[in-house]
Amino acid sequence: MWSRLCVAILALAQTQAAPTVQSSDPFSQAVIDQAYHEVAPAIGVLAFTSEITNPATGDITKRDGHALGLIVAPDGLVMTHGHMLLENTQPINIRFTVGQGEDETEYRATLLEKPDDINVCFLRIESDDLPDMPYVTFSRDSTLKLGEPIVVLGLLSKTLDYARGLYTCRVGAILEKPRTTYCLDRHVRFGFVTGPAINVQGQVVGVIGFDLSPSEGGELYVRSGHPLIYQTGLFQHYIDNPPGKNEIADKQEDAWLGVFTQPLTDDFAEYWGLEKEGGVIVSTVVAGSPAEKAGCQSGDIITNFDGVPVRPKQDREITQFTKLVRETGVGKTVLIKLLRDGQPLELEVHLEARPTPAREASEYKDETFGLTVRELTTDVRITLNLPDTVQGVIIRRVKSGSVAQLAGMRPGMIIMNFGDHPVTNLDDLQEAVQKVIADKPNEVSVFCRAGSVTGFFRLEPRWNAREK
Amino acid sequence: MRKALWCLLPLASLVYGCVTTGSATQSAVVRAKDKVAPALVHIRPVKKVFSRGKREEVVMVGSGFIISPDGYVITNEHVAGKASFVQCVLYNKEEVEAEVVGVDPYTDIAVLKLDVAEPLSHVTLGRSSALEAGQTVLALGSPHGLARSVSLGIVSVTDRYLEDHGETVSPYNNWIQTDAAINQGNSGGPLVNLKGEVVGVNARMLRGAENVGFAIPIDIAREVVDQIIAHGRVMRSWIGVTLQEMTRKTDDPSIEGVVIADIDPLGAAFEAGLKPGDVMLAIDGEPTNARFEEDLPVVRKQIADIPVDAEVVVRVARGDEEIDVLLTTEEKSDLKGDEVEFAEWGFTATELTPAMVRRARLPSRKGVVVSGRQAGGIAAAARLQRGDIILEVDEAEVENLGQFRRIYEDLIASKQRLVMMVVKRGALTHFVLVKQDRNGAPASEPAEVQSRKEAYDDVE
Chain B
0 MWSRLCVAIL
10 ALAQTQAAPT
20 VQSSDPFSQA
30 VIDQAYHEVA
40 PAIGVLAFTS
50 EITNPATGDI
60 TKRDGHALGL
70 IVAPDGLVMT
80 HGHMLLENTQ
90 PINIRFTVGQ
100 GEDETEYRAT
110 LLEKPDDINV
120 CFLRIESDDL
130 PDMPYVTFSR
140 DSTLKLGEPI
150 VVLGLLSKTL
160 DYARGLYTCR
170 VGAILEKPRT
180 TYCLDRHVRF
190 GFVTGPAINV
200 QGQVVGVIGF
210 DLSPSEGGEL
220 YVRSGHPLIY
230 QTGLFQHYID
240 NPPGKNEIAD
250 KQEDAWLGVF
260 TQPLTDDFAE
270 YWGLEKEGGV
280 IVSTVVAGSP
290 AEKAGCQSGD
300 IITNFDGVPV
310 RPKQDREITQ
320 FTKLVRETGV
330 GKTVLIKLLR
340 DGQPLELEVH
350 LEARPTPARE
360 ASEYKDETFG
370 LTVRELTTDV
380 RITLNLPDTV
390 QGVIIRRVKS
400 GSVAQLAGMR
410 PGMIIMNFGD
420 HPVTNLDDLQ
430 EAVQKVIADK
440 PNEVSVFCRA
450 GSVTGFFRLE
460 PRWNAREK
Chain V
0 MRKALWCLLP
10 LASLVYGCVT
20 TGSATQSAVV
30 RAKDKVAPAL
40 VHIRPVKKVF
50 SRGKREEVVM
60 VGSGFIISPD
70 GYVITNEHVA
80 GKASFVQCVL
90 YNKEEVEAEV
100 VGVDPYTDIA
110 VLKLDVAEPL
120 SHVTLGRSSA
130 LEAGQTVLAL
140 GSPHGLARSV
150 SLGIVSVTDR
160 YLEDHGETVS
170 PYNNWIQTDA
180 AINQGNSGGP
190 LVNLKGEVVG
200 VNARMLRGAE
210 NVGFAIPIDI
220 AREVVDQIIA
230 HGRVMRSWIG
240 VTLQEMTRKT
250 DDPSIEGVVI
260 ADIDPLGAAF
270 EAGLKPGDVM
280 LAIDGEPTNA
290 RFEEDLPVVR
300 KQIADIPVDA
310 EVVVRVARGD
320 EEIDVLLTTE
330 EKSDLKGDEV
340 EFAEWGFTAT
350 ELTPAMVRRA
360 RLPSRKGVVV
370 SGRQAGGIAA
380 AARLQRGDII
390 LEVDEAEVEN
400 LGQFRRIYED
410 LIASKQRLVM
420 MVVKRGALTH
430 FVLVKQDRNG
440 APASEPAEVQ
450 SRKEAYDDVE
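Top to bottom, those sequences are chains B and V. Reading the first sequence from the start, the letters are residues 0 to 467 in numbering that gives the first Met the number 0. Reading the second sequence from the start, the letters are residues 0 to 459 in numbering that gives the first Met the number 0.
Because the hints were derived from the structure by calculation, they are not lab data. Keep in mind that a hint or two might mislead.
[Stated by the list, open to error] Cβ-to-Cβ under 8 Å is the rule here; a few derived chain V residues that face chain B:
no.	residue
1	T241
2	Q243
3	K248
4	D250
5	S253
6	V258
7	A260
8	G276
9	R357
10	R358
11	G425
12	A426
13	L427
14	H429
15	F430
16	L432
[What the hints assert, rightly or not] Computed list of chain V residues with no C-beta within reach of chain B, every gap over 10 Å:
no.	residue
17	K92
18	Q134
19	A146
20	I153
21	H230
22	G401
23	R404
24	L410
For every residue, glycine included, the Cβ atom is placed at its ideal position computed from N, Cα and C.
Generate the whole structure from the sequences, applying the supplied hints.
Written as structure tokens, this is what we have:
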């Protein structure tokens with residue numbers, strides 16, 4: 000069955016060369032029939048359970064979710080919307096169902112690493128004897144015009160057995176910045192997000208998305224609630240070279256400069272008597288960062304990075320600079336041209352790897368006291384405005400009813416001493432806990448930092464209760 | 000570090016309660032009420048309130064009581080603090096204006112002086128140290144603005160420790176807890192024993208609970224009032240330590256002292272080399288013991304009561320060693336800073352308090368804090384944010400609120416188009432460019448007026 004479908008899709012590719020659609024109804028029945036029959040089999044249902052961690056308390060709640068998955072390669076590569084992998088959310092037990100009715104087949108699927116420049120996720124179907132899967136071939140030319148009609152395929156609701164359906168809409172707006180973005184003129188139902196978008200020629204020009212990636216200033220679009228088309232060019236390279244498994248070890252390291260920045264708006268330029276040509280104002284230099292080591296200062300204006308002019312005038316243009324730095328490569332020494340007090344200056348910066356973010360930091364879970372703690376990462380240090388003198392580990396979760404909860408310890412506190420042992424990292428704490436377990440004292444004094452003040456907590460381990 | 004919903008009492012939820020008493024008690028209650036009621040004051044302060052970047056004046060309702068024939072009145076700081084005008088209604092319904100003599104946010108006590116020529120009825124102050132749980136007490140005041148109200152109950156606990164909660168702090172006293180109905184509006188009113196003596200100043204209630212009210216012990220209030228009448232304020236010493244009860248470290252009752260939990264990097268204790276975890280044993284030979292949290296206010300007060308700029312010997316235990324250190328006390332700074340509205344730009348700012356300096360990790364107390372901004376204002380357009388600490392204006396260092404105000408007034412007069420401020424926002428530094436010519440005047444000076452005027456200019 001699958002091989003027949005593959006043939007059909009190849010046929011679609013051939014038809015792309017000769018579009019022949021006209022008339023007042025932009026979509027002829029023939030084009031819709033063809034699109035539906037050739038593309039719909041590549042649409043499947045993703046079912047998964049999300050473990051959602053409350054960042055304040057560390058409590059985990061589970062929620063079942065469903066999403067449209069689109070097979071994009073015959074070896075079982077599946078694309079879906081980026082909301083599957085939000086911050087503090089970990090999907091588990093992912094299943095992918097293809098076919099409808101009698102032909103329905105369920106597979107297990109593994110999440111791959113999420114791209115950071117487009118809000119989609121990729122998954123890999125897990126099967127030892129996977130047949131060739133029906134898949135969507137995207138048109139490489141995906142330029143759209145304002146008002147151009149589009150057919151979108153997607154899933155109806157669970158009560159309608161996830162039947163495949165379609166609806167038509169038009170390109171309602173085209174945004175030029177930060178990249179060409181096509182907005183639809185209608186809202187889409189959830190089952191149509193990541194649904195293939197097909198033009199009047201029957202070409203699959205992209206998929207339905209809901210926002211830009213955070214690195215593109217995506218929040219703006221989340222608030223606007225406008226459905227978008229992710230045109231092929233944004234994700235085809237991920238299909239050609241699929242991302243690795245969603246494991247930290249596989250992740251390629253991003254380069255890091257260690258500055259917080261603002262765009263050089265025309266008003267800033269006027270105030271400082273500079274040319275109104277844009278630039279990156281360094282507002283904060285992170286302590287210990289490559290930028291600090293190179294002598295970069297707050298108030299410097301970066302105009303060129305590694306030979307690339309840097310000229311943002313608006314907030315959203317800053318993200319291009321961030322991306323440029325990230326992709327320049329860890330370990331590379333680059334030349335930065337900047338203005339300091341109006342005078343040009345050049346600095347050589349040796350780029351380092353971006354420090355591990357909190358959500359990827361190592362954790363240690365202790366059962367005796369009911370504490371789950373994390374390494375103190377650079378981003379947490381900045382968020383909490385911690386001085387370098389504060390060393391320790393941060394409490395992520397306190398088990399309900401535990402010894403730690405009874406003592407009044409709460410998530411967000413930083414453990415700096417456990418018993419008589421100074422704690423600077425997870426190993427220190429683990430060692431201290433092991434020592435306490437071996438010694439079995441009646442009470443353990445823990446020195447913590449909560450907000451900007453420090454204090455003590457007395458843990459009273461229930462040794463006997465454990466033995467029972 | 001424990002959270003509870005404490006609620007101040009100047010003005011919204013009805014609580015019902017009843018107490019059945021015998022006839023002997025009944026007449027004692029009436030006699031006690033009769034002794035205090037003529038000195039009861041219904042207080043209507045007009046207060047400065049800063050909200051969303053604007054200064055507003057609001058009328059509030061609270062209670063108080065006359066303590067001397069010449070018209071000194073005790074009430075709460077949260078009733079009379081920041082009041083621009085205080086109207087009082089006496090028990091005989093006569094209206095009298097009062098002047099605020101002084102306030103003490105740390106104990107929530109304020110002293111007013113009534114503008115009267117004739118001697119007034121006044122209360123007798125009792126001794127809160129003699130109170131026992133179970134003893135009958137009356138609460139008098141203006142619950143929900145209902146003047147001359149009396150409620151009856153007993154002392155539930157004589158030494159309730161209340162944890163600090165935001166700006167609601169009470170480091171130097173435990174509280175009298177009572178089930179006599181106390182509502183919003185009772186603030187500053189007297190808690191009275193059956194002898195008709197005032198034993199407490201009603202100030203707080205537990206929100207969501209029934210008849211769980213709290214009064215400041217009169218022994219604490221009396222000392223504060225005496226200092227306010229004599230000096231206009233209360234002077235306290237500070238050495239820069241945060242204390243915790245011994246049970247935070249050990250349950251062993253043979254180990255005495257008080258735990259030093261935190262050291263302020265700008266304080267004398269830091270300079271003297273004291274460390275968190277040290278156990279303070281004595282100051283100038285006087286033991287400083289706090290085994291339980293209820294013992295902490297006494298030790299804190301012991302430190303506060305040392306004269307300012309005095310050299311003291313602090314004895315601490317560190318591990319098995321006992322160490323004496325010499326340090327000089329400093330004056331404890333105000334709990335709350337002054338607040339000012341900057342109307343043209345549409346924002347308000349306060350002085351930096353030591354706690355803010357600490358949180359922001361500033362090297363000194365220089366700067367002012369943005370406390371609010373108006374929608375549509377110049378400050379909002381420049382994306383100045385609440386909590387921003389303004390450190391520099393046009394490369395001039397901001398010293399304090401008064402100096403910032405002068406810089407600001409000069410800028411307004413100069414009509415300079417662009418003004419640069421360097422602000423600290425959490426751990427980050429940020430440049431804020433203020434456009435004074437922006438057509439976004441605050442609500443107090445509508446934008447239309449401005450543009451219409453410009454239109455006329457064009458016609459001419």
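Okay, the hints, checked on the actual structure:
no.: 1; hint: T241; result: holds (6 Å)
no.: 2; hint: Q243; result: holds (6 Å)
no.: 3; hint: K248; result: holds (5 Å)
no.: 4; hint: D250; result: holds (6 Å)
no.: 5; hint: S253; result: violated (14 Å)
no.: 6; hint: V258; result: holds (6 Å)
no.: 7; hint: A260; result: holds (4 Å)
no.: 8; hint: G276; result: holds (6 Å)
no.: 9; hint: R357; result: holds (5 Å)
no.: 10; hint: R358; result: holds (4 Å)
no.: 11; hint: G425; result: holds (5 Å)
no.: 12; hint: A426; result: holds (4 Å)
no.: 13; hint: L427; result: holds (4 Å)
no.: 14; hint: H429; result: holds (5 Å)
no.: 15; hint: F430; result: holds (6 Å)
no.: 16; hint: L432; result: holds (5 Å)
no.: 17; hint: K92; result: holds (48 Å)
no.: 18; hint: Q134; result: holds (32 Å)
no.: 19; hint: A146; result: holds (41 Å)
no.: 20; hint: I153; result: holds (30 Å)
no.: 21; hint: H230; result: holds (30 Å)
no.: 22; hint: G401; result: holds (26 Å)
no.: 23; hint: R404; result: holds (22 Å)
no.: 24; hint: L410; result: holds (13 Å)
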